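Throw the hints in and build the complete structure from the sequences for me.
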Amino acid sequence: MSSAPLSLADRFRLSRFFRGEAPTSAPISLGHRRIFILPTQRGLAFVLLIVLLLLVGFVYSNNLAYLLGFLLASIFFVAILHSFKSLAGLTVRAGRQPAVFAGQAGAFNFQIGNPGRHSRYAVHLALQSELAIDLAPAEIRTATLYQATERRGWLQPQTLTVSSLYPLGLFRAWAPLRFDSPLLVYPKPAKRQLPFPESGDGQVAQGLSRRQGDEFYGLRPYQRGDAIRQIHWKTFAKGQGVFSKQYAGAGSSELWLDYQQAPGHNSEERLSQLCRWIVDAEKAGLRYGLVLPNLRVPPDTGAAHYRQCLQALALF
Numbered sequence: 007m008s009s010a011p012l013s014l015a016d017r018f019r020l021s022r023f024f025r026g027e028a029p030t031s032a033p034i035s036l037g038h039r040r041i042f043i044l045p046t047q048r049g050l051a052f053v054l055l056i057v058l059l060l061l062v063g064f065v066y067s068n069n070l071a072y073l074l075g076f077l078l079a080s081i082f083f084v085a086i087l088h089s090f091k092s093l094a095g096l097t098v099r100a101g102r103q104p105a106v107f108a109g110q111a112g113a114f115n116f117q118i119g120n121p122g123r124h125s126r127y128a129v130h131l132a133l134q135s136e137l138a139i140d141l142a143p144a145e146i147r148t149a150t151l152y153q154a155t156e157r158r159g160w161l162q163p164q165t166l167t168v169s170s171l172y173p174l175g176l177f178r179a180w181a182p183l184r185f186d187s188p189l190l191v192y193p194k195p196a197k198r199q200l201p202f203p204e205s206g207d208g209q210v211a212q213g214l215s216r217r218q219g220d221e222f223y224g225l226r227p228y229q230r231g232d233a234i235r236q237i238h239w240k241t242f243a244k245g246q247g248v249f250s251k252q253y254a255g256a257g258s259s260e261l262w263l264d265y266q267q268a269p270g271h272n273s274e275e276r277l278s279q280l281c282r283w284i285v286d287a288e289k290a291g292l293r294y295g296l297v298l299p300n301l302r303v304p305p306d307t308g309a310a311h312y313r314q315c316l317q318a319l320a321l322f
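Numbering (the numbering used here), first residue to last: 7 to 322.
Calculated directly from the structure, the hints in this document are not laboratory data.
Among the hints, erroneous ones may be present.
[Unchecked claim] Taking CB as the label site, the calculated pair distances span: (1) Q266 / A309: 18 to 28 angstroms; (2) F83 / S125: 21 to 31 angstroms; (3) E156 / R302: 24 to 34 angstroms; (4) L77 / G109: 54 to 64 angstroms; (5) R313 / L20: 39 to 49 angstroms; (6) S67 / G175: 25 to 35 angstroms.
Bear in mind the structure is a predicted one, so any value in this text is a computation, not a measurement.
Just so it is clear, CB atoms sit at the ideal spot from N, CA and C, and this is done for glycine as well.
Next comes the structure, spelled out in structure tokens:
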């Protein structure tokens, strides 16, 4: 948990007080180098009160005003020490980050540990979302904070700010921390549920008619050649268009999801449609493979295969 020494210029770099130091994947222990303290608005008002009391004592030679002013001043300076101790010694490390689809909130997990013998109260954590926790002696807690995702690929967490106003709210102690702990963002699945591409034998993978042991999977737009018994008459009666029922099961042929067959005006739209097909195929229990210009994933099924295909799309 030791950090490399900083040069004098780096120590006084303004961004260090707000964005923190360079990202790290190692645990961080909060100490003098990481913790900064400034008075709050309440603290500045407290200073003004002390100045007024001392001024009254000086003008009117009032010993009680002097006594109260120096008493409040001692409380003010002692609060600096306690504000520092509210964060000093805490250890913070980044946990495992689950992958999400673009547009969903990315969940970043952090482990906060209190190795000391005293409780820590109202420790505030902020990323894009915020959370306040209390820590008992020798307690380690996992805090989950959220950050918006917009595009596929690796997403680094923003600066994690650990802060505290304890004990009197006169000072704010904070520590800006940056972790090298990226979260994988999959492409956003296309909204339209287009039919799967045709397999090598010229048939749509989910089949055009119901076979023994197949289960109802969903609906797709009606295509010429679909059997009358496949038409979903309820949606037709509601005026929502003509749709055919889809069935999936063990008897279905293998499905190849090819980048070149995916509709779209650009690569992002094609990847979005491939993502939709992968989600639908996994939900239906189909064996599916993925073909990208630089990668070919053999047909399979299951959670590991599902993640492998989505990761290939995310990093394409």
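Hints, one by one, checked against the model:
A hinted range of 18 to 28 angstroms for the beta carbons of Q266 and A309 is consistent with their spacing of about 27 angstroms. Roughly 23 angstroms separates the CB atoms of F83 and S125, a value that falls within the hinted 21 to 31 angstroms. Taking the beta carbon of each, E156 and R302 are about 29 angstroms apart, inside 24 to 34 angstroms as hinted. Under the hint 54 to 64 angstroms, the C-beta atoms of L77 and G109, about 56 angstroms apart, fit the expected range.
One distance hint, 39 to 49 angstroms for the beta-carbon pair R313 and L20, holds here, with the actual separation near 41 angstroms. Between S67 and G175 the Cβ separation comes to about 33 angstroms, which falls inside the hinted range of 25 to 35 angstroms.
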